[in-house]
Every structure is written in C-alpha cells, then in structure tokens.
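Colleague: So the chains spell out like this:
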Amino acid sequence: MAKLFDVQAVFSHLSEILAYLPVTLELAVISMLIAVILGLILAVIKINHVPVLTAAVNVFVSVIRGTPIIVQLYITYFGIPMVLKYISTRNGTEFQSGNVPGIFCAIVALSVNESAYIAEIFRGALQSVGTGQIEAANALGMTYFQALRRIILPETLTVALPGLGNSFIGLIKGTSLAFTCAVVEITAQGKIIGGRTYRYFEVYVSLALIYWVVTIVVEQLVKLLERKNEIPENAALVTERVCEAKPGQRI
Amino acid sequence: MIEITNLKKKFRDNIVLDGINMKIQKGDVVGIIGPSGTGKSTLLRCINQLEQPEQGKIQMDGKEIDLSRKNKKEILELRKNTGMVFQKFNLFEKKTALENVMEGLLVVQKKSREDAKKAAQEQLERVGMAAWANHYPRHLSGGQQQRVAIARALAMKPSLLLLDEPTSALDPELVGEVLETIKKVAEEGFTMLLVSHEMNFIRHVSNRVIFLDGGKIVEDGTPRQVFEHPVNQRTVEFFTKMNLMNQPEYVI
Chain S
1 MAKLFDVQAV FSHLSEILAY LPVTLELAVI SMLIAVILGL ILAVIKINHV PVLTAAVNVF
61 VSVIRGTPII VQLYITYFGI PMVLKYISTR NGTEFQSGNV PGIFCAIVAL SVNESAYIAE
121 IFRGALQSVG TGQIEAANAL GMTYFQALRR IILPETLTVA LPGLGNSFIG LIKGTSLAFT
181 CAVVEITAQG KIIGGRTYRY FEVYVSLALI YWVVTIVVEQ LVKLLERKNE IPENAALVTE
241 RVCEAKPGQR I
Chain A
1001 MIEITNLKKK FRDNIVLDGI NMKIQKGDVV GIIGPSGTGK STLLRCINQL EQPEQGKIQM
1061 DGKEIDLSRK NKKEILELRK NTGMVFQKFN LFEKKTALEN VMEGLLVVQK KSREDAKKAA
1121 QEQLERVGMA AWANHYPRHL SGGQQQRVAI ARALAMKPSL LLLDEPTSAL DPELVGEVLE
1181 TIKKVAEEGF TMLLVSHEMN FIRHVSNRVI FLDGGKIVED GTPRQVFEHP VNQRTVEFFT
1241 KMNLMNQPEY VI
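Order-wise, the sequence lines are chains S and A. With my numbering, letter number 114 in the first sequence gets 114, and the count goes up by one each step, no holes. Position in the second sequence (from 1) plus 1000 gives the number in my numbering.
Just so you know, the hints here were simulated from the structure itself, not pulled from any lab data. Note that the structure is a prediction, hence the values are computed from the model and not measured. Watch out, some of these pointers could steer you wrong.
Listed below are the simulated DSS-like cross-link pairs for lysine-lysine, each with C-alpha atoms no more than 30 angstroms apart in a straight line [to be verified]:
1. A:Lys1008 to A:Lys1080
2. S:Lys46 to A:Lys1080
3. A:Lys1080 to A:Lys1110
4. S:Lys46 to A:Lys1073
5. S:Lys46 to A:Lys1070
6. A:Lys1010 to A:Lys1117
7. S:Lys228 to A:Lys1118
8. A:Lys1088 to S:Lys228
9. A:Lys1157 to A:Lys1023
10. A:Lys1080 to A:Lys1118
11. A:Lys1057 to A:Lys1010
12. A:Lys1157 to S:Lys46
13. A:Lys1063 to A:Lys1110
14. A:Lys1118 to A:Lys1026
15. A:Lys1095 to A:Lys1117
16. A:Lys1080 to A:Lys1063
17. A:Lys1110 to S:Lys228
18. A:Lys1073 to A:Lys1157
19. A:Lys1111 to S:Lys228
20. A:Lys1072 to S:Lys46
21. A:Lys1088 to A:Lys1157
22. A:Lys1110 to A:Lys1184
23. A:Lys1184 to A:Lys1088
24. S:Lys46 to A:Lys1095
25. A:Lys1183 to A:Lys1118
26. A:Lys1118 to A:Lys1088
27. A:Lys1088 to S:Lys46
28. S:Lys228 to A:Lys1095
29. A:Lys1070 to A:Lys1110
30. A:Lys1072 to A:Lys1111
31. A:Lys1117 to S:Lys228
32. A:Lys1073 to A:Lys1117
33. A:Lys1026 to A:Lys1080
34. S:Lys223 to A:Lys1095
Take the sequences, apply the hints, and build the full model.
Modeller: As structure tokens, this is what we get:
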C-alpha cells in the first residue's frame, strides 16, 4: 500500500504550483491598488456627508460586507458578460461577450469587495487627523483637495497602514477563490495537480506553506513601510541633516 | 483699510457676535480683550470664514466680501490675504519646521521649491528658529512651535494677521519668547488683530484696544483710554477684578 502521507509529494510539485504564483500576486496587487483608490473615494464621500452619494456609499458597503466573496465572484463572472451583451445588442454591435477574460471578472469582484472594507479603514483614519491642522491649511488659503493631498492624506496613511496591510493579506488569501472565474492561480493549479496524482492532501499542505511564506514577506514589507513613514524619533539625527546641509551653522 | 460691517454669529440660540462694526487702519495693531465666551476668537474666525457668520461683510483692499455666503473663490482670496496664528499652534505634524513654512508658499502661492525654501528660511530667521528648521513639531517646545506658526503666517505676506490667543496654551516660562516675536512683527508694520489675556502685553504692543462683551464692542480706543479711563460699567468691573487678582496676598 502507498504511503498515507507522502512528505516528498509536498515538495515535489512545488515548482509546478509556484509557476502560477505570478497570477496570484497579479490578482492581489492589481485588486489592492484599485481597492485603495476606490476605498479612499468612498471614505472621502462619507466623511464629507456628500448628499445622495453618502447614502449610496452606505448601501454599497452594506451589500458588499453582507455577501460572501464567492457569491460576488460568481455574480461578476456571469454578470459582466450579460451586461456587455445587453449593451452590445442595444447598440447593434457584434461584441463577443463570452470572450471576457476570467481574470478581469476576478479583479473586479476582488477589488470591489476589498474597497468596502478599505473605505471603513480610511474613514477611521481620516477622522483621526486633528481638525487643527485642517483649519491651519484652510487659513493658508488651501482648497479642500490641496489640504487633503498635502496635509490630511500623509497622516491618514500612517494611521491606515496597519489596517491596509491586514486587508492586503486577506486579499491574497481571497485570490484563492478566483478559480470560480476560471482563473488558474496557485490554488487552482494545486487542485489540478491533486486531481492528477490523487495527492490532494500533500498539495494542500504545500499550498498552505506558500500562502504562509507570502504572508510573512508582506508582513515584513508593511513593517518596513511603517518604519519609513514614522517621524524620526531622534531629534539629533534631524539636526545632523542641518549640519550636513550648512557646514559651520550654529545649532 | 479694512472694514467689517454688521457681523453676526450665533451658535444655536447663543448669540456670540451681535452686529460688530469696525474699521482697521493699515498698520494698526488692535488688541481685543474681554471676558471668556464673548466671541473674541469667533470674531477672528469669522473674518477668514473658518466659522461662517449669519450676516456680515468685510471690505479689504478695495474688495467687499459677504462673509455669510459660501463663495469658495472669494473666501480663498480672503484667506490668502489673511494670516492666522492659532492658540494651539496647529503645525503640520508630518512636516519639519521649514516645510511647515514652505507649505503655503508652494501650494497656495505656487512658488518654486528654491524660492519657497529661501523665503521660509528668512521667516524662520525672523522668529529666531533658523537653527531648528529641520525639526519636526513634536521635537519643539510649545513656544518654539508657536514661533514657527507665526513664521508660517508671515511667509504668506498677509494684509491682515489674526492672532487667536497665541500664548494661552503655553507654559508661563515660554510666553516671553512668543510675545517678543509678536512685538517685533508689530513694529515692522503688520496690520494685526490680537486676541489675548496678556493685558500688559496688549497695553504695550497695540495702538488700539477693543473690549468685547456680549457680542458687542463696548469700549474702543487707545490702550490708555481703555485701560485707564474705561467708560463702560462692564469694562470697569472687568479691570477691577483683574486688579484684585494682581494684589499681594498679604499686606502688612
């Protein structure tokens, strides 16, 4: 009888699975970028109580947070071609709606899903910026968007960074559901290998290892970003910069 | 000349400013005093529309602006011509002292980086903070932060400088350096509206003193007139109380 658990099988298919890691990362990174921009817009609408739009954002966030991501993936996968077909027939064009790539649908679903959570992270972070600094920016004659870009956002990012890192890690793992949109990424590839070799368990273990390592790398990157974004603790270090800039200057 | 007409502001039922009219000559340093909650700060904040009054107009550099209306373009123009120094400094925390002063020059006045840097360094020198240019606000004392905030306001070359209790959040030890800076600025001929509880300072630095009570100007004149010969009963009471506090605890 064959071995119950084949340790070797965990590692022997690693390179086959890792060949699809770029797909996983592509899904995660592109979705994250879109989600951050979308989430920020949603949050700005919400904290400024823009009439009508705020209500729409509230409904959007509620729907997205209230439905499972796998359902959202199915809805976009079947929905986007339907919408395109409708537009195409209305305008009398011959668009092949069946040709929409699955990865496009997956990115739409993942980024829309993540944006709802990121909007809440940004909302909290935006509200944490002291009104004093915003008033100071206004008093200088800055418009809201100038103040947002120059003063509010840099501080918002500092506060939001840990939450965004957390979201990104969640998103990486969320990409494992992209096979519902016929996208072959590492999890889908693992299933394929499992189906071929019947070593499902071993393949899943190696998948777990890959996700874990990727997550550790991301965690470290976020930590690095956080440290870079901090105000230098040591005032003396800053003073040294003055010395370098202007030798002989009295400190 | 700057003219404010019929400025009215209320928070719900609480009338804070009840029809303020005043004319400010160029180069005037106007000290605004009065009991707490009489709208001294609100008056300043209405002038650059950080607070929107129900009614009121301001005429400045020959242009009249209705403060009660939200006209973004006019308000931005007004804010570009007024500088504000806050009670709690309100420096941009993620920017160094130099970057704080440069910010308005870069973003609002659209100056080049070098020009802005040069101008900002000049302003920091003016308030005696040049050596701290690369320090972040959290590494500066309250007095130092306020001096940087003054430099930030001055860098914009405003026609009117509004100072909202610039020393009341400071340790007694640090008040001196800030007052010294303000005095220097006043002597350079800036038009200023100064709200403060430092009576002696107001008396020395300003050439006109306004006493606000219940949202109205009840006393308006030279420091000598207002401090030594107040005509209004409320003003007399206020100074009497102040003087009582200044008396020695024991007299032998």
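Colleague: State for each hint whether it applies.
Modeller: The hints, checked one at a time:
1. A:Lys1008 to A:Lys1080: Given pair lysine 1008 of chain A, lysine 1080 of chain A holds - Cα atoms ~23 angstroms apart, limit 30 angstroms.
2. S:Lys46 to A:Lys1080: At roughly 28 angstroms apart (the allowed maximum being 30 angstroms), lysine 1080 of chain A and lysine 46 of chain S satisfy the hint.
3. A:Lys1080 to A:Lys1110: 12 angstroms, holds
4. S:Lys46 to A:Lys1073: 24 angstroms, holds
5. S:Lys46 to A:Lys1070: 21 angstroms, holds
6. A:Lys1010 to A:Lys1117: At roughly 41 angstroms apart (the allowed maximum being 30 angstroms), lysine 1117 of chain A and lysine 1010 of chain A break the hint.
7. S:Lys228 to A:Lys1118: 27 angstroms, holds
8. A:Lys1088 to S:Lys228: 28 angstroms, holds
9. A:Lys1157 to A:Lys1023: 21 angstroms, holds
10. A:Lys1080 to A:Lys1118: 20 angstroms, holds
11. A:Lys1057 to A:Lys1010: Distance of about 16 angstroms is within 30 angstroms: holds.
12. A:Lys1157 to S:Lys46: The given pair, whose Cα atoms are some 36 angstroms apart, is violated under the 30 angstroms limit.
13. A:Lys1063 to A:Lys1110: 23 angstroms, holds
14. A:Lys1118 to A:Lys1026: 27 angstroms, holds
15. A:Lys1095 to A:Lys1117: 13 angstroms, holds
16. A:Lys1080 to A:Lys1063: Status holds; Cα separation ~14 angstroms.
17. A:Lys1110 to S:Lys228: Holds, at about 28 angstroms.
18. A:Lys1073 to A:Lys1157: 19 angstroms, holds
19. A:Lys1111 to S:Lys228: Holds - the C-alpha atoms of lysine 228 of chain S and lysine 1111 of chain A are around 28 angstroms apart, at most 30 angstroms.
20. A:Lys1072 to S:Lys46: Holds, because 21 angstroms separates the two Cα atoms, which is no more than 30 angstroms.
21. A:Lys1088 to A:Lys1157: With Cα atoms ~21 angstroms apart, lysine 1088 of chain A and lysine 1157 of chain A stay inside 30 angstroms; holds.
22. A:Lys1110 to A:Lys1184: Holds, at roughly 28 angstroms.
23. A:Lys1184 to A:Lys1088: 21 angstroms, holds
24. S:Lys46 to A:Lys1095: Holds, at roughly 27 angstroms.
25. A:Lys1183 to A:Lys1118: This hinted pair holds, its Cα atoms lying about 24 angstroms apart.
26. A:Lys1118 to A:Lys1088: 26 angstroms, holds
27. A:Lys1088 to S:Lys46: 28 angstroms, holds
28. S:Lys228 to A:Lys1095: 14 angstroms, holds
29. A:Lys1070 to A:Lys1110: 24 angstroms, holds
30. A:Lys1072 to A:Lys1111: 22 angstroms, holds
31. A:Lys1117 to S:Lys228: 24 angstroms, holds
32. A:Lys1073 to A:Lys1117: Distance ~27 angstroms between lysine 1073 of chain A and lysine 1117 of chain A Cα, so the pair holds.
33. A:Lys1026 to A:Lys1080: Within the cut-off at roughly 17 angstroms; holds.
34. S:Lys223 to A:Lys1095: 21 angstroms, holds
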